[in-house]
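Here is how the chains run, residue by residue.
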Amino acid sequence: MGGACYVYPDSPATPDRVTPDVTFERTIYMNGSVRMDDGRNITVWGFTDSGGGMGGMGGMGGPFPSPAIRVREGQIVHTVLNNPGMMWLHTIHHHGIEPSTMNDGVGHTSFDVQGTYTYQWRAAHAGTYFYHCHTNTVLHAEMGMYGALIVDPPEGPGRVFSGGPSYDVEAIWACDEFDSRWHNLPWDAATCGGDAGLNDLNPDYFIITGVDGNRSALTAPGVAVTMNRGQTLLVRYINAGYYPQRIRFGGLTGQVVSSDGRPLPAPVTVSEINSVSAERYDVIFNPDSSGVYTVEIEYLDWIDGSVLGMARTRITVN
Amino acid sequence: MPYDSFMTNLLNNNYHNDYHNKNNIHFSTTTTCLPILQIMLSLSAAIDGRSKTTKGVYMQRRDFLKFSTLGLAGSVTGLGTFLSWSPRANAATIDQTFYITDGMRTQADGIDVWFQAYSSTSTGLDYPAQSMIVQEGDTVNITIHNTLGTTHSFVIDGLVDSGDIPGGTSTTVSFLAGSAGSYLFYDRVNLPYNRLTGLHGGLAIMPKNSSNEIYAGSPTFKQQLFWLYNDIDPAWHDAIRQGRTPTSKFKPRYFHINGISARPPGSTNYTDPTKNAFYDPRSQISGKIGDRTLLRVLNAGMCVHSMHWHGNHLEWITRNGQPRAQIWKKDVIALENNMGKVDVIYPFEPPPDAWPPVTSGQQYVMHLHDEMTQTAGGGLYQFGAATLIKFK
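Going down the list, the sequences are from chains A and B.
Each residue of the first sequence is one higher than the one before, counting from 1 in my numbering.
Each residue of the second sequence is one higher than the one before, counting from 1 in my numbering.
Worth flagging that the hints you see were computed from the coordinates, not collected in a lab.
No false leads were slipped in.
Stretches of chain B that chain A covers, calculated by requiring three or more beta carbons in the stretch to come under 8 Å of a beta carbon on chain A:
no. : region
1   : 263 to 271
2   : 290 to 304
3   : 310 to 317
4   : 320 to 329
5   : 346 to 356
6   : 378 to 386
Owing to the predicted nature of the structure, the values given are computational and were not obtained by experimental measurement.
Note that beta-carbon positions come from the ideal geometry of N, C-alpha and C, so glycine has one too.
With the hints as constraints, model all of the structure from the sequences given.
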């Protein structure tokens, strides 16, 4: 446990704590595993839903990505992070949500959670967000410590935002890249110095919402989309990696209606989107002909723009 | 501070909550942090020293610093934190002098890296150069003294190109300040190497008669900053210093905003605004509710970046010099590489998701979300391209 530097462990009481409208409980796992299409198992870390108990010391692995947090606009939310023991430090940053400093989950402006902390915030704007750990972030987010965060309008799922378009089918595509060499590092890697190579990401796996985009994501339930003509699809696209991405919608044309949790002044028609790390785009599709559309996400080198890899999934319109 | 020291303190009940004190860490004056922006209105003849001279000659000549400041028609000095600007009804002549210099800068992990820069003095190393603000229609005269032995240039795309300035010589370029906006000035010789190793800076051209617009009719701001990003591969800097063309693949190990990286609480130089981008008055965003802050973001480096602000969504006004057809509100904005640029406004609205609501006493981070940039030398998370946002 020794050797971590520039961490700020604490578990204070939540300032001005009130009774929330909704509570999410999260604890940590550090020994998850994702099986890739080539048969390799890659270690991942993340959050599990520990509702109903304090959770353990992370002995049982957990889902990747971490379970979604889904709330309605106007709700006061408690996100309880249980990080018992003194094994490691983590936080939850609700990315795109803008709470007080104490509830922002950034170690060096507040604290890294050791024990339990209840993040208190109120969802002001419907849209697509994600949450992730903000301790030694360069490593912890790469290790998979993130999950979707969806704020529905007050009327609930089925509409992107109040006054915005409705949808029948929803897909959440969190597109990420792994450099498997990073996935054997300790939680506090190089926080005191030394060269752990954390400036140099050389991805060898390309992932859509926790599934290998080489082959599995083409058909994986919860990733690949099946819908009928006449239905409206909402794709919530999250660049959950570090490198720029280009997502092509397989010949379908969609309308970007919101980004980063804010409606656009007017929808923008797209057949592909370029994004950078942590951007979110909400895209509405109304396909008028049946077919199988292969969606491709290209992961681009941040220096020369070359394609480092690709992940694919499908939209099947019956 | 090592984690186990924290633990020891915690167990001894001596642990002191650093974050409770952080609101008190700031710089009470803005004038001591940085020299004033050295742009002066000259109503007298242009400065001496336009003729090409040798390094030895002009280094002894200080008379070019003797500008007339009588009859100033407007204020164009920037003090400390935010660059102040007062509009003028009439165009002026702006004279600025830069010295091309070089030297070493110690990075967060203790490694010294060579840089060259457009400096305000012959002995300085202003990497990046001090930013300049002028007004549409102004005549701008820039005198560049190349104190080095190598050839350099001074270029603003679309505005001016000095051509080669051989080592040990000086030149003056003049141009009419054209369209309002944010510009990078840089050295085009050996592109991109001289630009990458530090020869760059920011120029703003303000619209006529306006103190609060990016271009005529743009959304307005109350204060403005330049953010110049750069990515540092010390192997490249070393090669360029030795006059060689880098042959290795570009692998940046340090990531700068306005020439320095951030430092976290407990680190050496944490409170030093010349060492910690969190407290660098050129970079830190500080204001009260309503203090809409324009960020003129210029990427001198080779990497595409994802800029992420906590606390507020930004208004994304321009991309690569062009007003955007729609102004989007974003918490992440792309910054293209190799001189990509954006103008964005941090609105200083109450953080929308705080409960109970807050309007002051908050601090947030701005950091790049391509998190490799949050490191130095392959580790040291929190020693990368980041700064602080302070709700006073």
